[in-house]
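**Student:** Let the sequences and hints guide you as you build the complete structure.
For reference, the chains in residue letters:
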Amino acid sequence: MDKAFLIQLAGSAAAVMALVGLAAWAKIAKPLTPLDDARARRLLAQEFPGKPLERVWVATDGRGAVARSGASALVLFELGDAYVARHIPWAQAVASSFRDGVVKIDLSDVAAPMARIALDRWPPSPREAA
Amino acid sequence: MDPIKPSFDPVTLAIPFFVLAVVLEIALARFKLARANYETRDTLASLTMGLGSNVAGLLTGGAAFAGLFVYQHRLFDIPMTALWAWVAVFLLEDLTYYGFHRISHERRFWWAAHVNHHSSQHYNLSTALRQTWTGGLAGTWALWLPLAFLGFPPAMIAIQKGISLVYQFWIHTEAIGRMPRWFEAVFNTPSHHRVHHARNPRYLDRNYAGILIVWDRLFGTFQPELDEEKCRYGIVKNLGDFNILRVAFHEWAGIGADVARDPRHALGYIFGPPGWSPDGSRDTSAKLRAQWEASRPAETPAE
Numbered sequence: 001m002d003k004a005f006l007i008q009l010a011g012s013a014a015a016v017m018a019l020v021g022l023a024a025w026a027k028i029a030k031p032l033t034p035l036d037d038a039r040a041r042r043l044l045a046q047e048f049p050g051k052p053l054e055r056v057w058v059a060t061d062g063r064g065a066v067a068r069s070g071a072s073a074l075v076l077f078e079l080g081d082a083y084v085a086r087h088i089p090w091a092q093a094v095a096s097s098f099r100d101g102v103v104k105i106d107l108s109d110v111a112a113p114m115a116r117i118a119l120d121r122w123p124p125s126p127r128e129a130a
Numbered sequence: 001m002d003p004i005k006p007s008f009d010p011v012t013l014a015i016p017f018f019v020l021a022v023v024l025e026i027a028l029a030r031f032k033l034a035r036a037n038y039e040t041r042d043t044l045a046s047l048t049m050g051l052g053s054n055v056a057g058l059l060t061g062g063a064a065f066a067g068l069f070v071y072q073h074r075l076f077d078i079p080m081t082a083l084w085a086w087v088a089v090f091l092l093e094d095l096t097y098y099g100f101h102r103i104s105h106e107r108r109f110w111w112a113a114h115v116n117h118h119s120s121q122h123y124n125l126s127t128a129l130r131q132t133w134t135g136g137l138a139g140t141w142a143l144w145l146p147l148a149f150l151g152f153p154p155a156m157i158a159i160q161k162g163i164s165l166v167y168q169f170w171i172h173t174e175a176i177g178r179m180p181r182w183f184e185a186v187f188n189t190p191s192h193h194r195v196h197h198a199r200n201p202r203y204l205d206r207n208y209a210g211i212l213i214v215w216d217r218l219f220g221t222f223q224p225e226l227d228e229e230k231c232r233y234g235i236v237k238n239l240g241d242f243n244i245l246r247v248a249f250h251e252w253a254g255i256g257a258d259v260a261r262d263p264r265h266a267l268g269y270i271f272g273p274p275g276w277s278p279d280g281s282r283d284t285s286a287k288l289r290a291q292w293e294a295s296r297p298a299e300t301p302a303e
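Going down the list, the sequences are from chains A and B. Just so you know, the first sequence maps onto residues 1 to 130 in this note's numbering. Just so you know, the second sequence maps onto residues 1 to 303 in this note's numbering.
Do not rely on the hints blindly, as some may be mistaken.
[To be verified] Partner residues are not named here, just some residues of chain B that face chain A (Cβ under 8 Å, in silico):
1. I15
2. V23
3. I26
4. R41
5. Q121
6. L239
7. R246
[Said to hold, decoys possible] Taking lysine to aspartate or glutamate and the DMTMM-like style, the derived pairs with C-alpha atoms no more than 25 Å apart in a straight line are:
8. A:K3 x B:D9
9. A:K104 x A:D120
10. A:K3 x B:D2
11. A:K51 x B:E229
12. B:K230 x A:D36
13. B:K230 x B:E174
14. A:K30 x B:E228
15. A:K27 x A:E78
16. A:K27 x A:D81
17. A:K51 x B:D279
18. A:K30 x A:E78
19. A:K27 x B:E174
20. A:K51 x B:E228
21. A:K51 x B:D283
22. A:K51 x A:D37
23. A:K27 x B:D241
24. A:K51 x B:D205
25. A:K104 x A:E128
26. B:K287 x A:E54
27. A:K30 x B:D241
28. B:K5 x A:D2
29. A:K104 x A:D37
30. A:K51 x B:E293
31. A:K104 x B:D241
32. B:K32 x A:D81
33. B:K287 x B:D262
34. B:K287 x A:D109
35. A:K30 x B:D227
36. B:K230 x A:E78
37. A:K30 x B:E229
38. A:K30 x B:E174
39. B:K230 x A:D37
40. B:K230 x A:D81
Derived from the structure by calculation, the hints contain no laboratory data. All values derive from a computational prediction rather than experimental measurement. Glycine included, each C-beta is placed from N, C-alpha and C at the ideal position.
**Tutor:** Have a look at this one:
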């Protein structure tokens with residue numbers, strides 16, 4: 001790498017930090033309000049069109065939701081000012097570990113390995129999940 | 001003009017403009033004078049990808065050697081000083097870009113190098129700078145070699161590629177609604193490119209254009225932005241965090257995992273469309289589009 005390139009790289013890095021600082025100062029992320037049942041259902045329907053939502057568990061902090069759709073679990077969680085969604089086998093979701101009010105769901109996906117959803121309890125009772 | 005080494009790099013020259021434009025977009029959004037959303041960690045990821053792509057570009061010097069080799073065996077001598085030659089390279093480079101961009105969406109190997117550009121759920125000028133780190137390794141630069149074989153000097157091709165990249169910066173914004181109708185008809189615009197970055201099934205794999213949208217109109221991949229269907233940005237399966245290594249390499253890791261688990265179907269996993277699986281259990285763009293088409297209410301025929 002020549003000196004000119006290194007100077008340009010250093011200048012670009014400084015510009016990156018300045019722009020990130022400016023973006024943080026501006027506070028212009030998309031406004032997010034905690035999920036409620038209706039909004040969680042709307043977002044899940046948008047992410048998984050055509051999949052019936054038999055039961056939806058909304059996170060206690062409103063930052064995610066888990067739904068049952070037949071043999072699938074539909075998982076939705078907040079990331080920054082947006083949401084990430086995945087569907088996994090229901091049995092896999094039920095087997096997820098639950099500690100201190102948070103269920104850690106293994107999504108088996110290198111692009112989004114894990115979802116953490118705050119719930120009162122997990123897994124739901126068979127009657128609840130039916 | 002040196003036919004081998006470009007006398008200038010449009011992208012390097014445009015960096016101060018890129019920075020000022022991002023500042024302007026943020027400022028206008030801050031004072032509610034324009035539409036734009038910036039999330040801090042997302043912005044950091046996008047700009048770091050841009051910074052890293054400069055370094056990654058150094059590792060792909062092989063492309064320059066290949067271009068030079070092919071140019072030495074060229075069919076014609078095309079002068080860099082002729083206006084017609086610049087018009088021709090503009091059109092042919094833009095057509096090549098269309099092909100490159102289309103294959104980068106429709107085949108997983110090249111999608112793995114391109115997906116990072118689409119992995120933000122935002123659409124702003126910082127998204128434009130969310131550039132690949134692995135594009136050179138994916139070898140798509142080979143698509144430009146026929147231009148050198150025709151006789152376009154490598155410097156001319158490099159300059160035109162740079163002009164195209166600079167042009168494509170300003171279209172990554174929600175601050176601009178629609179351009180005049182004649183402009184929308186011919187050129188790629190913020191409206192057309194918003195569709196390209198959207199993950200709504202209707203919008204998937206559409207509007208591959210670089211500068212001229214006419215290629216999409218010609219090859220049947222054009223989709224106008226519809227007022228009744230707001231673009232939802234990102235990828236079909238959005239990333240679960242802002243980890244820069246995940247942004248840069250997640251699809252490559254996914255290919256590796258699939259091939260390791262099921263080597264018998266390696267070719268399908270590598271060169272099939274993104275989302276391909278042997279049993280069809282995963283979602284490709286075509287499948288998502290078909291599902292969406294099937295779920296649409298039947299349209300009433302016009303009277």
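**Student:** Decide, hint by hint, whether the structure agrees.
**Tutor:** Hint check:
Using the Cβ-Cβ criterion of 8 Å, the hint placing I15 (chain B) at the interface with chain A is satisfied: the shortest such distance is roughly 7 Å. For V23 (chain B), the interface hint holds, since its Cβ comes within 8 Å of a Cβ in chain A; the closest pair sits about 6 Å apart. Among the interface hints, the one on I26 (chain B) holds; its C-beta lies about 5 Å from the nearest C-beta in chain A, closer than the 8 Å criterion. For R41 (chain B), the interface hint holds, the least distance from its beta-carbon to any beta-carbon of chain A being 6 Å, beneath 8 Å.
Look at Q121 (chain B): its Cβ gets to within about 4 Å of chain A, closer than 8 Å, so that hint holds up. A distance limit of 8 Å between C-beta atoms decides the matter here; for L239 (chain B) the minimum to chain A is near 5 Å, and the interface restraint holds. Because the beta carbon of R246 (chain B) sits about 7 Å from the nearest beta carbon in chain A, less than 8 Å, this interface hint is met. For the given pair, K3 (chain A) sits about 17 Å from D9 (chain B) by alpha-carbon distance, which is consistent with the 25 Å threshold.
A distance of roughly 13 Å separates the Cα atoms of K104 (chain A) and D120 (chain A); the hinted pair therefore holds under the 25 Å criterion. A hinted pair counts as satisfied when its Cα atoms are at most 25 Å apart, and K3 (chain A) with D2 (chain B) qualifies at roughly 23 Å. Our distance criterion of 25 Å between C-alpha atoms is met by K51 (chain A) and E229 (chain B), whose separation comes to about 20 Å. For the hint pairing K230 (chain B) with D36 (chain A), the CA-to-CA distance comes to about 22 Å; that is within 25 Å, so the pair holds.
Restraint check for K230 (chain B) and E174 (chain B): the C-alpha separation of about 11 Å stays at or below 25 Å, so the hint holds. Using a Cα cut-off of 25 Å, the hinted pair K30 (chain A) and E228 (chain B) holds, with the two alpha carbons roughly 20 Å apart. A threshold of 25 Å between alpha carbons decides the hint, and for K27 (chain A) with E78 (chain A) the separation of about 18 Å falls inside it, so the pair holds. At roughly 11 Å between alpha-carbon atoms, K27 (chain A) and D81 (chain A) fall within 25 Å of each other, so this suggested pair holds.
This hinted pair checks out: K51 (chain A) and D279 (chain B) have alpha carbons roughly 20 Å apart, not beyond 25 Å. As the CA atoms of K30 (chain A) and E78 (chain A) are separated by approximately 12 Å, the hinted pair is consistent with the 25 Å bound. Taking the CA atoms of K27 (chain A) and E174 (chain B), the gap is near 17 Å; set against the 25 Å cutoff, the hint holds. As the CA atoms of K51 (chain A) and E228 (chain B) are separated by approximately 23 Å, the hinted pair is consistent with the 25 Å bound.
Pair hint K51 (chain A) plus D283 (chain B) holds up; C-alpha atoms about 14 Å apart against a cutoff of 25 Å. For the given pair, K51 (chain A) sits about 16 Å from D37 (chain A) by alpha-carbon distance, which is consistent with the 25 Å threshold. Taken as a hint, the K27 (chain A) and D241 (chain B) pair is honoured in the structure, with Cα atoms around 20 Å apart against an allowance of 25 Å. A hinted pair counts as satisfied when its Cα atoms are at most 25 Å apart, and K51 (chain A) with D205 (chain B) qualifies at roughly 23 Å.
With a C-alpha separation of about 20 Å, the suggested pairing of K104 (chain A) with E128 (chain A) holds against the 25 Å cut-off. For the hint linking K287 (chain B) to E54 (chain A), the alpha-carbon distance of about 24 Å falls within 25 Å, and the restraint holds. Restraint check: the Cα-Cα separation between K30 (chain A) and D241 (chain B) comes to about 17 Å, which is no more than 25 Å; the hinted pair holds. Taking the CA atoms of K5 (chain B) and D2 (chain A), the gap is near 17 Å; set against the 25 Å cutoff, the hint holds.
Using a Cα cut-off of 25 Å, the hinted pair K104 (chain A) and D37 (chain A) holds, with the two alpha carbons roughly 21 Å apart. Between K51 (chain A) and E293 (chain B) the CA atoms are separated by roughly 15 Å; this keeps the pair inside 25 Å, and the hint holds. Of the supplied pair hints, the one linking K104 (chain A) and D241 (chain B) holds, its CA atoms being roughly 15 Å apart against a limit of 25 Å. Taking the CA atoms of K32 (chain B) and D81 (chain A), the gap is about 18 Å. The hint holds against a cut of 25 Å.
Straight-line distance between C-alpha atoms of K287 (chain B) and D262 (chain B) comes to about 22 Å, which keeps the hinted pair within the 25 Å bound. Of the pairs offered as hints, the one joining K287 (chain B) and D109 (chain A) holds, with about 20 Å between alpha carbons and a cut-off of 25 Å not exceeded. Of the pairs offered as hints, the one joining K30 (chain A) and D227 (chain B) holds, with about 20 Å between alpha carbons and a cut-off of 25 Å not exceeded. Only pairs whose Cα atoms come within 25 Å are accepted, and K230 (chain B) paired with E78 (chain A) is accepted, the gap being roughly 20 Å.
Between the alpha carbons of K30 (chain A) and E229 (chain B) the distance comes to roughly 18 Å, so the proposed pair stays at or under 25 Å and holds. Under the criterion of a C-alpha separation no larger than 25 Å, the hint pairing K30 (chain A) with E174 (chain B) is consistent with the structure, at around 13 Å. As the CA atoms of K230 (chain B) and D37 (chain A) are separated by approximately 23 Å, the hinted pair is consistent with the 25 Å bound. Between the alpha carbons of K230 (chain B) and D81 (chain A) the distance comes to roughly 17 Å, so the proposed pair stays at or under 25 Å and holds.
Comparing the model with each earlier hint shows no violations; every hint is respected.
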